[in-house]
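Engineer: In my numbering, the protein residues as written are 476 to 1049.
Quick caveat, the hints were computed from the structure, so don't treat them as lab data. There are no misleading hints in this set.
Think about it this way: if two alpha-carbon atoms lie no more than 27 Å apart in a straight line, the pair counts; the simulated DSSO-like pairs of lysine-lysine are:
| id | residue 1 | residue 2 |
| --- | --- | --- |
| 1 | Lys860 | Lys831 |
| 2 | Lys578 | Lys723 |
| 3 | Lys893 | Lys1007 |
| 4 | Lys837 | Lys893 |
| 5 | Lys831 | Lys893 |
| 6 | Lys853 | Lys831 |
| 7 | Lys860 | Lys837 |
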Amino acid sequence: MIPQLLFRSAICCAVWIAVPGTIVAQQAEMIPLPSRAMPLGVARAEPATVDWNTLDRLHAPILSQEFMIQGAASCAAASCHGGPRPHVSQPAAKRGSEYQLWKEHDPHARSWATISSPASVAMMQRLGIMTGGQIVDRAGFDNCLACHNTTKRFDEPRSLADHREGVGCAGCHGPSQRWAGIHYRYDFAPQLAAADGFVNTGDLYVRARMCASCHVGDKDRDMNHDIIAAGHPPLKYELATYHARQPKHWRDPESRNATYYEAQLWLAGQVAATDASLSLLNARASQRQPVSRWPELAAYDCASCHHSLGLRDNRHRTKFAARAPFSSWNDSGLRWLIDYRQSAGEATNDDWALLKSLDDVKELMESAAIADAPSVAKASSDARKALAAWYDSSTAATLRQTFRSEHLGFVLASAAGKPQTFSAWESSVQFYLAAVAARASWPGGWDGALRDVSESLRIGLSYPQNLDINQESGIRGQPTISADEAMQLGILLAGSLGPIHYQQPPADDDDSEQLRRELREMIEQINQRWDKIRTEGDVETEIAPPEAQPRREPKTQAELLEELRRRNRNQDAN
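When you get a sec, could you build the whole thing from the sequences and use the hints?
Structural biologist: Okay, structure coming up:
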């Protein structure tokens, strides 16, 4: 297995809060099919409309539901995507076994079993979606179905006769009514086929936005605080991590260039998560979500109320008076990128406009104990349009072509010196995940000293294994690291990736002066080294981690090249 998969999976244990009672498909108790009649007094959610002024256009076929959905079995012919079983008869087959890979290895194929499991049924009973084994809240069940099955509406007459597919081909690639018979032709243009219902997942940014529609939420699906309280894991989406863990039935030629590919995955994920979260927030504030109520607590930082979900000194550092801070999980990365571009003198009007629109949303959400819904609806709509304008700008077009792991390293170095980056568990974890996405540019390679530093940060941010938020005794354990310690580790980690732009922390306790002195000394040494690199071309950037491990000799250029070749071979094999 590729080393980074093992490394990333550990932080995913920290990000995801496990729900007990997961049942495999063979053991799942299937939910009985309801009649087509809708219970009186239950509202139905209408299919979402596509706003072409926003990044809705990237995954428009998923939103519009204009075309008939054909099941995954329609793609499973031996001459199409249901060829020889993967890793059995033709382990090196380049194509043709996508259906088998999905069915045998992909968690999406088991999502119906998940929604039908006893644990999920118990959640729906707590939420009032089911009573006595029958579905009584159709809007609530459709909201679950939208992410757990290809069919988004249970009584949709043009959908599958059998609803128990899970998330099949159409769930990600779009309804195939018009393109199934032509998508294999030499003249088929995926980038131009959205009007026929095709989602061009070959484009990383389209793929990221499509994934975010379920793994963050969207205007037509909402995993809210009530559902979390009933037992559903919170949604913490970061594309590069999800991508590494996903059993792939496709091939990405770009992945051979690790310095480009991982950074682009990170950037695409940040754009997609920001847009999806704004789309969801707009639907909630506009009260177009029949399953949500305003204010929606899931839009805020969980640790503001559930203090055990924050950093060790989270409660001491919180300065809000009965007002929870807006969640920083989805837009931290874009903020760091724009902040770096500003400090480097590269920011354009589109950068400034996007940052201001994000700030407007945050300020409104934190302006009162209950934010004004119409104002938030307008601000989130404006922010989505600003993001789309930024995405269409020459700036973003250049980034999509040139942004690499060394550039991501400079972004992180700029963010590491700012206390706000490590003021919350969410932004601290996002910083760690971004650093891992930049690992192709780590001095010393994967086994260099930076791994020791990053491992210290990961362990400090991790929750206990199998943490259950529904135990009567409450949450046991929490991340063991403080915001100050996270910042120190972050500076050590990012200091080998770029010069640190330091912002002095506020003097709010007795330890601040000591902390400021330590940080200044550390950053001065780091930046002196970078000055030497600029003037003398000295490439020695390895740093000693805290509680220093035995120092490793820097690898030669030949060793680094051989290591890159080995990783590429392992990636191809996997």
